[in-house]
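Need the complex rebuilt from these two chains, each delivered in its own frame; the hints are there to steer you.
Residue numbers (the UniProt record's numbering), protein chains in the order written: chain A, 1 to 101; chain B, 1 to 244.
Among the hints, erroneous ones may be present.
Unchecked claim - Short, incomplete list of chain A residues facing chain B, as computed with Cβ under 8 Å:
| hint | residue |
| --- | --- |
| 1 | P6 |
| 2 | G26 |
| 3 | G37 |
| 4 | A49 |
| 5 | V51 |
| 6 | V56 |
| 7 | P57 |
| 8 | G63 |
| 9 | S69 |
| 10 | L74 |
| 11 | A77 |
| 12 | A86 |
If you are wondering where the hints come from, they were derived from the structure by calculation, not from laboratory data. For clarity, every value in this text was computed on a predicted model and none was experimentally measured. For each residue, glycine too, the CB sits at the ideal point set by N, CA and C.
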Amino acid sequence: MVDLDPTVVAVVLAMSVATYATKAGGLWLLGRVELSGRTEAALDALPGAVVISLLVPTLSEFGVPGLVSAAAVLFVARRTDSVLLALGVGMVAVISLRRLL
Amino acid sequence: MSQKRNDHAPDAPEPIESMSFSSAGLRAGFVRCTPIALGVAGYGFVFGVLADRAGLSAAEATLMSATVLAGAAQLVAIEIWTEPIPILAVVGTTLVVNLRYLLMGAALRPWFRHLSPIQAYASAFFTADENWALTIGELRSGGRQGAFLLGSGLAIWTFWVLATLLGVTVGGSIERPARFGLDFVLTAVFLVLVTELWEGRSSLPAWTVAAVVAVLTARLLPGYWYVLCGGLSGSLLQAAWYDG
Numbered sequence: 001m002v003d004l005d006p007t008v009v010a011v012v013l014a015m016s017v018a019t020y021a022t023k024a025g026g027l028w029l030l031g032r033v034e035l036s037g038r039t040e041a042a043l044d045a046l047p048g049a050v051v052i053s054l055l056v057p058t059l060s061e062f063g064v065p066g067l068v069s070a071a072a073v074l075f076v077a078r079r080t081d082s083v084l085l086a087l088g089v090g091m092v093a094v095i096s097l098r099r100l101l
Numbered sequence: 001m002s003q004k005r006n007d008h009a010p011d012a013p014e015p016i017e018s019m020s021f022s023s024a025g026l027r028a029g030f031v032r033c034t035p036i037a038l039g040v041a042g043y044g045f046v047f048g049v050l051a052d053r054a055g056l057s058a059a060e061a062t063l064m065s066a067t068v069l070a071g072a073a074q075l076v077a078i079e080i081w082t083e084p085i086p087i088l089a090v091v092g093t094t095l096v097v098n099l100r101y102l103l104m105g106a107a108l109r110p111w112f113r114h115l116s117p118i119q120a121y122a123s124a125f126f127t128a129d130e131n132w133a134l135t136i137g138e139l140r141s142g143g144r145q146g147a148f149l150l151g152s153g154l155a156i157w158t159f160w161v162l163a164t165l166l167g168v169t170v171g172g173s174i175e176r177p178a179r180f181g182l183d184f185v186l187t188a189v190f191l192v193l194v195t196e197l198w199e200g201r202s203s204l205p206a207w208t209v210a211a212v213v214a215v216l217t218a219r220l221l222p223g224y225w226y227v228l229c230g231g232l233s234g235s236l237l238q239a240a241w242y243d244g
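Isolated chain B (complex conformation) (with noise of 0.2 Å):
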């Protein structure tokens, strides 16, 4: 540990020269995501069932999952979703829930910016959480595929609407939900959902934050308002431990 690491250092990471856009980087993250692709579409079959008791017609849930394509906020905002349809709050929440694609984009900068303007933001649409995560991981072991993004993401994006597709399809046959324990459903996704946001003992200010306010403006305003104040609240909490 103690000897001096310069530019040549083993460990070292390649400079990135170059980045390759071809059929074959398309087709390798296509390959590796699949089982991964797989899992998300259990998320997607759970969107399906909820989406169409919220009241949504399989066009329109199928719709959603291909146009937006972001598991965690179409989840918060079928939540929420009443007739009529309280648009701020929906639109809304969903912008919050996904700030945190900014960083991941940020994340992949020092490699996107090798390729063309086009082949960038074209991949940039099918960013998800699952093949973001691969793909940060093959660029910095040393990948220089640039459509690794693309095709991985092109594998969650097939999953995740016919998933979608297959869900709001067989949602529709289930009768009296509540006696099959359905209206429980959307909680126990949210459960996993935060297993799976957990960041360790660094995440339980801002929870503990975040539920707490979340619990009294459920109680003091209307609507769905209590989303947003524990969710800004939490995050606040999180800059202001903040340290270095």
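Pulled out of the complex, with its shape left as it was, chain A reads as follows (with noise of 0.2 Å):
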């Protein structure tokens, strides 16, 4: 039942590698350069950055009932702090809005 892709796996473990570096790569090479504050800046805003660029341009895909649902999601989990309440909250509001409108 083990079912795994030679370039799956390929991938998978590039992934790792790259995830790795980046775990242990802050404990070795930040010992041995100084990073300027602005740079430290830089780094820390790429995640969210990121993450803004992924979810934008998709966002418009969905219309209506995806705008207003991504406001509940965004509203519910600022106030909850759950994941998963969010999660069924927004699919919940684009299910439904998707028959209404």
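So, in structure tokens, the structure goes:
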């Protein structure tokens, strides 16, 4: 039942090497190189900027139901800190709005 | 507040003279992190469902969670995962999303340089956002248990991997996903991630630039270049914005 495609395994391992390089690299490299506050600010801003870049262009594909549901997800996530509750509300919102609109 | 601080000030951090690396520290980390790891399992489950939809087998998705162990990067990778796999984009965005770990690892140095290289670099593998924050809090308040990061990381890893396996198994039994709004799940996941990455108004300029550049490059360039273009422009703007 173990179903492993060699290409997929190779890509997964490349991802794990890239990730481990960043996790261990901070311990190793940054003890030897002095990082400027400016560089730190740039690295710190990367994950948020990447997720926003992924999110915004695709958001319009879902039309009005998607935008309203997105607002609901943001609201619940901010208020409750619960991932599953926020996702659940988003799903229910998108399904019902698609029926209504 | 006018009182002069000196070396014996009661609120001065203890000097770091040595660190332990014991099974007690390992256990303490695991136990303290378990409630947090349960929350992480929610993401793991969703990742499993989405990995199944992207065409990964249960073994492949579980392998990814077990060896990569980076929530945001894995979710981004699975979003751009198609057949044939855009290898450069997948590995490149993984690297870029994870660059923040460089800073997180660097923040551990004052304590971790007292550990042996094997202890430090094995623990580094188990760094995730949640248990890193827990560990740093512990160390800053005077904790000297070097195995705390490893213990808390093992809690995250266990729940992350099991939840992935559950998600990819359950996900396979769902038919006609659009009917159930499942095409919207990943977008919703990124929205939740965004609320966690938001650092207040200081995030706004970089995020605005990232959004604008991403929308424009999505129209001009094929594939997923817009993710890297948007992400890097946001990051560069943050650097330009930085003062002192």
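Cross-check of the supplied hints:
1. P6: This hint is violated: P6(A) lies away from chain B, its Cβ roughly 11 Å from the closest one there, beyond 8 Å.
2. G26: With a closest approach of 2 Å, the G26(A) hint holds.
3. G37: Since chain B brings a Cβ to about 6 Å from G37(A), closer than 8 Å, the hint holds.
4. A49: Holds: closest Cβ of chain B sits about 3 Å from A49(A), inside 8 Å.
5. V51: Holds, because the Cβ-Cβ distance from V51(A) to chain B comes to roughly 5 Å (cut-off 8 Å).
6. V56: Holds, about 4 Å.
7. P57: holds (4 Å)
8. G63: violated (11 Å)
9. S69: It holds, given that the least Cβ distance between S69(A) and chain B is near 7 Å, below 8 Å.
10. L74: Result: holds, 6 Å to nearest chain B Cβ.
11. A77: holds (4 Å)
12. A86: holds (5 Å)
The structure fails hints 1, 8 (numbered hints given earlier, in ascending order).
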